[in-house]
Amino acid sequence: MGEPAAQRPMRAGDANVRTLPTGRQRDRDAIGSSIAVRDAVKRYGSFHAVDRISIDIEPGEFITLLGPSGSGKTTLLNLVAGFQSLDSGEILVDGKPVHNVPTHNRGFGMVFQSYALFPNMTVSQNVAFPLRMAGVDRATAERRVAETLEIMRLTEHATKSPSQMSGGQQQRVAIARAIVREPKVVLMDEPLSALDRRLREQIQIEIRDLHRTIGSTILFVTHDQGEALTMSDRIAVLNAGKIVQIGRPLDIYRHPIDRFVASFVGESNLIEAEILQKRGSTLTMKNRAGYVFSAESRDTIDVGRATVLVRPERIAVSNEPSANSTPVSVTSTIFLGEILRIEAQMEGGDPLLIRCTDMADRPLPNVGDRLHVNWGAADCWVLA
Amino acid sequence: MTSASIGVQADRAADLDLVRRLKDPALLLLPALAFLAFIYLLPLIDLIRISVSGPSWTSYFERVFAIPLYWDSLVRTMQISVTVACLCLLFGYPTALLIHRSRGITQALIATAIVLPYFIAILIRTYAWMVLLGRNGPVNKLLVSIGILSEPAQLLFNRGTVLLGMTAVLLPLMVLTIYSSVARLDQSLTRAALASGAGPIAAFWRVLLPLTLPGMGAGFLLVFVAAIGFFITPTLLGGPGDQMFAMHITQQADSVTSEGFLQALGVVLLAITLAVVAVAGRFLGFEFIWGGRKLTEATPTTADRRAADVSRRSVAASAADLIGWPLLRLFGRLPASFGTWTVRLMGGLVIAILILPIIVVMIISFSSASYLTFPPPGFSFRWYEQFFSDSNWMRAFWTSLVVAAMSAGIAIVLGASAALGIVRSSIRGKSTIMLLLVSPIIVPPVVLGLSLYSLFLRFDLVGSVFGLAAAHAIGGLPLVVVIVSASLQGVDTRLEQAAAVHGASSLTVFRLVTLPAIMPGLAAATFFAFLHSFDELVLTLFLSSAELKTLPLMLWGDVNYRLNPVLAVVSTLEVLLVVAGLALARPVLATSRKAT
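First to last, the sequence lines map onto chains A and B. Taking my numbering, the leading residue of the first sequence gets 83, the next gets one more, and so forth. Taking my numbering, the leading residue of the second sequence gets 602, the next gets one more, and so forth.
There may be inaccurate statements among the hints.
From the structure, some residues in chain B lie toward chain A, with a derived Cβ separation under 10 Å [stated by the list, open to error]:
#, residue
1, Asp787
2, Gln788
3, Leu790
4, Thr791
5, Arg792
6, Ala793
7, Leu795
8, Ala796
9, Ala799
10, Gly800
11, Val808
12, Pro927
13, Thr974
14, Pro977
Think of the hints as simulated: they come from the structure by calculation, not from any bench. Here a beta-carbon is modelled for each residue, glycine too, at the ideal position from N, C-alpha and C.
Can you build the whole structure from these sequences, using the hints too?
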């Protein structure tokens, strides 16, 4: 990749605190719009692509719609953009309904998965396009285009044709085009999925920093949970046309509402266990292997069986048994560099996934090795 | 390469080399090329030879350009062709957009309304217009009943009907060419324009139009080139003042005295066609002839960039600032439905123009009246009975079936092997060979017929079924080559490799993997080659005899002398044939579109 960023090592504070030229630094609360979706429904025949979704997005918030393909996230974005019309429900921007406003009058910026750069225009013509459409005069438009290209580090590519640029550069042009008009809302439809991993991570950071600078409300769609966790203020997890859970990345990761969210966001061990007793908010539980452990719980459950989420990295591993450990046998070991990913089997046959940091003084466990694992009450999350 | 005289080992190497050479797929091109060389290139070269065989090589051409009759006709032909191409573009673009923007069953219906007429014989579609606009036709009836006319008027045989008829006949070609260019565009480009604040009209003007310009150019030129060689429609719908160039060639064809001069007329028509195609190919790539790639590639023009970077204050830029952009923004304020309704109205008009004549003809075929009148006074099968009991019609019908079946056979065997040769071999000059294989599409049929006539006389093929079938196969071959090579390119070569890796010989691979994959394409190609021959009239006019009459030829005779509902019966049967064929080919077309 001929990325300029690759040739020019990024200094601390280079991209991270990149600011707009003087006079254009704004209070973030002043620029973003609030978006409210109320009971939105979009059907294709009998298929409910969006099934009574409601969501309130704060001004200036970076919100991610996360879900597998077919979950309705892109449809919801298209509804907000105005490419498709609601079957019922409403969408309010800054409290005003927008369903009768055609896309081009909504004043949003948008970044597409396929970049969607106009191949018949140069980079600067592409970026100038929204300004010209907004009626900005040529001189001002040229200045703003130059500033935006500067922010996106594209100045030297201004006269190029999009087809002459790499994917990462094209996507930065697309972002420049989306933000040049200083829109109150920027919509992003899986903008990074066509890029390779390194580039994706780099542009993730650029978009997040950009969000801090411009203060627009950003509605970001992705199926990549890592991307969602990295970038968002809040994540809305969608499945089958409904929002399953909405919350801060940390809450979604630590306290998923159900099995779907638990397994879609991050890697997980979902352990079926029997509740032995409840004391305060702490449950004492026993799984099929006979391992007795305690878990923090929400107050709804007290008897019977429950599914417990234990994240693979929260499991402590040792070669020697201890008082509250249970033995497992290793079925595979994958060396991932900084961490080890161990697949093991508990007594009774339940699989257990473990991620632990590699330690130089310890040999990699072999298939069939016996290890001893344990986890504490705080490492567990009891699902409904 | 190794010489065989060195020794045994060298001998074996030479043998292996020979085997390898015999397996070269490029050899599959030979039958088709030999066929075209004999029946297509040779006559054309002969045509040119005769045209320069006068006292001096220019003498016949001097006569063509000196006689006002021909010169005027040439100018008229150009005027009519340009007008028709402009009309097709104006109405074809919105129709292509209409297909692109509709979904599901609506889209299928609209697409059928365009594609169906495309495959119905020009003669029949022209006949339908004669019925529609005739003295007792529905248009006259309508105008009289609403009081615009006091009595039925002669609407036919003027420049207007020629333009209307030719535009209607050629519109599907334009719509399909533009559609293929529009459909290839990334849908999010329009969305990006809308999201950037461009109204539908600005998005169309700044994004859609520039990007589909090559497709528009291709459509315009294809229609123009086809129109130059038009003969059937202007003959039937035009008056004395609407003589087109190709018509002179057929009129002169019977007189022996015009030998040389006649060929010169043909060469002039051919030269103009080839010149237009050559210029077009230079800019669009010759793929435009068969709807290949390159239709949507557009890069910022140098002029655009200069406007952006260097001469910022140039006149053009200030004009754009003062008028262009404000105008586009103004249009952006139009209700969003404005563009939608423009597209719907114009597209709807086109569909009506394409479908109504066919429907009227189908209704008239069940008329109980003894002459052409609409609406029919009653329902009867009398014209069907007359058709099926008339031995002349039935003989012509069978002749057409036999000729078309033979012709499709020749075209599919030669064309499919040529397609294999061109897709699978690694010979140089593929695009030139492809151009040669496909070029019969663009040669005016009148010129082809004229050139074949002397070849057929020499080999005593005039009036022979096989000769006629072979002549029809000249036009069927390009259809087969284009369709089959498209479906061959759609075959996943990894499947073939997988079969070979697991022990299949190359013949087995072809039988078990390649053939099933291209089978739908082969079937569709056979159908289109059959239809091409079944509909063919112009070559037949030159090459048939009193004993060998095809259905279109019978129709042609009747259309010129007496318009009666038997013709409507034949037309209805042809429409049913095409509908049945398209219904069979529909899954094929759907998959081949996905593959390409």
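Practice prompt. Using Cβ atoms only, decide whether alanine 796(B) comes closer than 10 Å to chain A, and label the hint accordingly.
Written response: It holds, given that the least Cβ distance between alanine 796(B) and chain A is near 4 Å, below 10 Å.
Item to complete: Please verify that hint: arginine 792(B), Cβ, nearest Cβ of chain A, below 10 Å or not.
Response: 6 Å, holds
Fill in: Interface hint compliance - proline 977(B) to chain A, C-beta minimum distance less than 10 Å
41 Å, violated
Worksheet item: Hey, does the leucine 795(B) contact hint survive, CB to chain A under 10 Å?
Response: 4 Å, holds
Practice prompt. Double-check proline 927(B) for me: the hint is only fine if its C-beta lies closer than 10 Å to a C-beta in chain A.
Written response: 7 Å, holds
Worksheet item: Does valine 808(B) meet its interface restraint, that is, does its C-beta lie within less than 10 Å of any C-beta in chain A?
Response: 5 Å, holds
Item to complete: May I ask you to test the interface hint for threonine 791(B) with respect to chain A, counting a Cβ-Cβ separation under 10 Å as satisfied?
Response: Constraint on threonine 791(B) satisfied, holds at 9 Å.
Worksheet entry | chain A contact restraint for glutamine 788(B) - C-beta distance below 10 Å | This interface hint holds because 9 Å falls under the 10 Å limit.
Worksheet item: Holds or violated: alanine 793(B) as interface residue toward chain A, Cβ cutoff 10 Å?
Response: 4 Å, holds
Worksheet item: Was the hint right that alanine 799(B) lines chain A, CB cutoff 10 Å?
Response: This hint holds: alanine 799(B) lies near chain A, its Cβ roughly 5 Å from the closest one there, short of 10 Å.
Worksheet entry | Evaluation of the interface hint that places threonine 974(B) against chain A, nearest CB under 10 Å | Where the cut-off is 10 Å and the nearest Cβ of chain A is about 46 Å from threonine 974(B), the hint is violated.
Worksheet entry | When the least beta-carbon distance from aspartate 787(B) to chain A is tested against 10 Å, hint result | Given a least distance of 5 Å, the restraint on aspartate 787(B) holds.
When held up to the earlier numbered hints, the structure conflicts with 13, 14 and fits the remainder.
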